[in-house]
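*Asks:* Protein chains in written order, with my numbering: chain A, 3 to 430; chain B, 86 to 338.
Honestly, I wouldn't trust all of these hints.
With a cut-off of at most 30 Å between alpha-carbon atoms, the simulated DSS-like pairs for lysine-lysine come out as follows [to be verified]:
hint : chain 1 : residue 1 : chain 2 : residue 2
1    : A       : Lys331    : A       : Lys125
2    : B       : Lys329    : A       : Lys32
3    : A       : Lys232    : B       : Lys337
4    : A       : Lys391    : A       : Lys125
5    : B       : Lys313    : A       : Lys232
6    : B       : Lys331    : A       : Lys232
7    : A       : Lys125    : B       : Lys140
Everything labelled a hint here was simulated from the structure, so no lab data went into it.
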Amino acid sequence: MAIGLHDSQVSNPVLRWIDQRLPVVTMMQKEYGTFPTPRNFNYFWNFGALALINLVIMIATGIFLAMNYQPHTAHAFDSVERIMRDVNFGWLIRYVHMNGASMFFIVVYIHIYRGMYYGSYKKPRELLWMLGVVIFLLMMATAFMGYVLPWGQMSFWGATVITNLFSAFPIVGPEIVTWLWGGFSVDNPTLNRFFALHYLLPFVIFGVVFLHVAALHITGSNNPLGIEPKGPQDTLPFHPYYTIKDSVGIVAYFALFALLVFFMPNYLGHPDNYIPANPLVTPAHIVPEWYFLPFYAILRAVPDKLGGVLLMFGSILVWFVLPWLDTSKVRSMRFRPVARIFFFLFIVSFFVLMWAGGKPAEQPYVIISQLATAYYFLWFLVLLPVLGKLEKPLPLPESIAAAVLGTKAVLGGGPIPQAVAAKPMEKA
Amino acid sequence: MRVLKALALAASVFVATPALAAGEAPAAPNAGFSFNALLGTFDRGAQQRGFQVYKEVCSACHGMRLMSYRNLLDIGLSESEARAIAASFQVTDGPNDEGAMFERPARLSDRFRSPFPNDQAARAGNNGALPPDLSVITKARHDGANYVRALLIGYRDPPPGVTVMDGMHYNEYFPGHQIAMPNVLNDGQVTYADGTNATVDQMARDVTTFLAWAAEPETERRRQMGVKILVFLAILGGLAYATKRKVWADVKH
Ligand code: HEM
Chain A
3 MAIGLHDSQV
13 SNPVLRWIDQ
23 RLPVVTMMQK
33 EYGTFPTPRN
43 FNYFWNFGAL
53 ALINLVIMIA
63 TGIFLAMNYQ
73 PHTAHAFDSV
83 ERIMRDVNFG
93 WLIRYVHMNG
103 ASMFFIVVYI
113 HIYRGMYYGS
123 YKKPRELLWM
133 LGVVIFLLMM
143 ATAFMGYVLP
153 WGQMSFWGAT
163 VITNLFSAFP
173 IVGPEIVTWL
183 WGGFSVDNPT
193 LNRFFALHYL
203 LPFVIFGVVF
213 LHVAALHITG
223 SNNPLGIEPK
233 GPQDTLPFHP
243 YYTIKDSVGI
253 VAYFALFALL
263 VFFMPNYLGH
273 PDNYIPANPL
283 VTPAHIVPEW
293 YFLPFYAILR
303 AVPDKLGGVL
313 LMFGSILVWF
323 VLPWLDTSKV
333 RSMRFRPVAR
343 IFFFLFIVSF
353 FVLMWAGGKP
363 AEQPYVIISQ
373 LATAYYFLWF
383 LVLLPVLGKL
393 EKPLPLPESI
403 AAAVLGTKAV
413 LGGGPIPQAV
423 AAKPMEKA
Chain B
86 MRVLKALALA
96 ASVFVATPAL
106 AAGEAPAAPN
116 AGFSFNALLG
126 TFDRGAQQRG
136 FQVYKEVCSA
146 CHGMRLMSYR
156 NLLDIGLSES
166 EARAIAASFQ
176 VTDGPNDEGA
186 MFERPARLSD
196 RFRSPFPNDQ
206 AARAGNNGAL
216 PPDLSVITKA
226 RHDGANYVRA
236 LLIGYRDPPP
246 GVTVMDGMHY
256 NEYFPGHQIA
266 MPNVLNDGQV
276 TYADGTNATV
286 DQMARDVTTF
296 LAWAAEPETE
306 RRRQMGVKIL
316 VFLAILGGLA
326 YATKRKVWAD
336 VKH
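Please put together the full structure from these sequences, using the hints given.
*Replies:* Here it is as structure tokens:
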């Protein structure tokens, strides 16, 4: 790009003055205004925007919570209750933050499985996908440490169980745990550092989200057909088409969010976390928040502690290599009749794990967790690589426009556009 | 259709919430509390009677350290009534100019006085068992309000073959059935100012109503705000969807 003032097309003189020196308006116009976007998105493509909004909500409510929260073992529990009782609209801020974490995971799980179903991780979007996995790992760390802050029984015992996992590593394990705790048990130093990190990590997430979006705007979005747009007839400008479609999704998301916050704010939480932390009393069942349950089930499915820890981390780390495990040339499961069946079983295994993770570590839940864990890894490590080679995918449509306009035109009885000579596979 | 699918997926996440530790006790019967309904409110009379039960019975052993006397205004007591109640308790203040702590009558801004100075004293006074602070008790138990009410009316003679340990009492709804808290409610235990007959069941309901409110004092305001916000979102959603249809009307997709 040439050095010198940017050749701005903005008409407002003030904005133009800025845009010539720092072309943010031009950039926004390019990335969110005219940005060519496949014309055939379904509502699953709302979830990225929803995740971004959710992150902003978490940071906004979190900062106001932090103004009144006390990261000290003797005051943390009461300070959260004080926020709920004596801070103006403190109950609202706290319940939005608390349920916001659950909403965040609902949104991000849908976003991730959307990507898996439509093959959004495949070339050329591998790095985009991997940045997403990094965001998910950071989210897990953030949510885990946030849950410790109110210093209830589940906060304390959850922190104890999870940090203790590191002791499974040979030789250095116990050292790591002491280092994480800042002492010889989960105590005030642990709470302090968790608060500092819980405040920091969301901003790190923000940075990675920026990279994630930047990478997206290099490759462009995938779409339900999983074929690349070939020309202008395949795309629409992002605005107004997708700004308005996202708006519809955002309102629906807010409605679900409001239902939780205003009518069942503690439904997704555990009552034990309203009992102040007590190192001398162990709760009958220590369970993490619902969004960690699938991984918790994998952890407990393995009789060996170290094996369980490795498998648990492995169950997410395997996502990093997903672009190379999937050997199929075809992205979207719409055109993979066999893989698609196994994919739905994979989703089922995830929900089974989520359910089993909330049950006590006894039979039959252990064997069920083991079977579901086995299928989870079978899918990634065996089925995906093998099916990509063996399966005969359905023929792909010529182009997005062909698929979209063809069927519609036929249905509507209108003239069939010239470009649509080939038989489209499926309606978008 | 696709929205529905997405919502169904989201909804199924809820079904997968952790099963809560049921313990060995039977589930508490549903007492049909008005405030447990989705849009329910608290019965002011029951709240005030419940406070009386708490003050005259439970507060001998249980504190409510998150509550202040000023909060009583919210259940319909007048300021002078609340002041009088506060003033009937002595709290420690200080140090004064001589550096000494001193006792004075409580004010509206003071927290409820706890019966024991610390947990050790509380245990010493209760056979080694700790009576938990009741400020958030209904949030801290599964199906909290129904559970607390059931607990209070759940004292029975132990079934044959069950020996109750020394200083323990048999309770149908307490996990493990052996509870250190004795049966504290007997018919006519308190005399209600509004003439309500103080049966055990009545007192249990009333004190539970008070405790449920104390645990979530924002409940009524929260639900009212929620209704307004959902109505607003319904309208906004309709408009957004209509706009979306219009924008996309001339585009095949
Ligand atoms: C990625 C975004 C975030 C996630 C997923 C998240 C998650 C959580 C969770 C699960 C809790 C426990 C809620 C409860 O049971 O009370 C929590 C508490 C808390 N968070 Fe966050 N949080 C995020 C961002 C932030 C930010 C940016 C701040 C501060 C600037 C913050 C400040 C706090 C504070 C002070 C608490 C303790 C108060 C409370 O427990 O309600 N959070 N967070």
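*Asks:* Hint by hint, note whether the structure agrees.
*Replies:* The hints, checked one at a time:
1. Of the pairs offered as hints, the one joining Lys331(A) and Lys125(A) holds, with about 10 Å between alpha carbons and a cut-off of 30 Å not exceeded.
2. A hinted pair counts as satisfied when its Cα atoms are at most 30 Å apart, and Lys329(B) with Lys32(A) qualifies at roughly 22 Å.
3. For the given pair, Lys232(A) sits about 17 Å from Lys337(B) by alpha-carbon distance, which is consistent with the 30 Å threshold.
4. Only pairs whose Cα atoms come within 30 Å are accepted, and Lys391(A) paired with Lys125(A) is accepted, the gap being roughly 17 Å.
5. Straight-line distance between C-alpha atoms of Lys313(B) and Lys232(A) comes to about 47 Å, which puts the hinted pair past the 30 Å bound.
6. Under the criterion of a C-alpha separation no larger than 30 Å, the hint pairing Lys331(B) with Lys232(A) is consistent with the structure, at around 26 Å.
7. Distance restraint check for Lys125(A) and Lys140(B): the Cα-Cα separation of roughly 69 Å exceeds the 30 Å cut-off, and the hinted pair is therefore not satisfied.
Against the hints set out earlier in the document, violations occur for numbers 5, 7.
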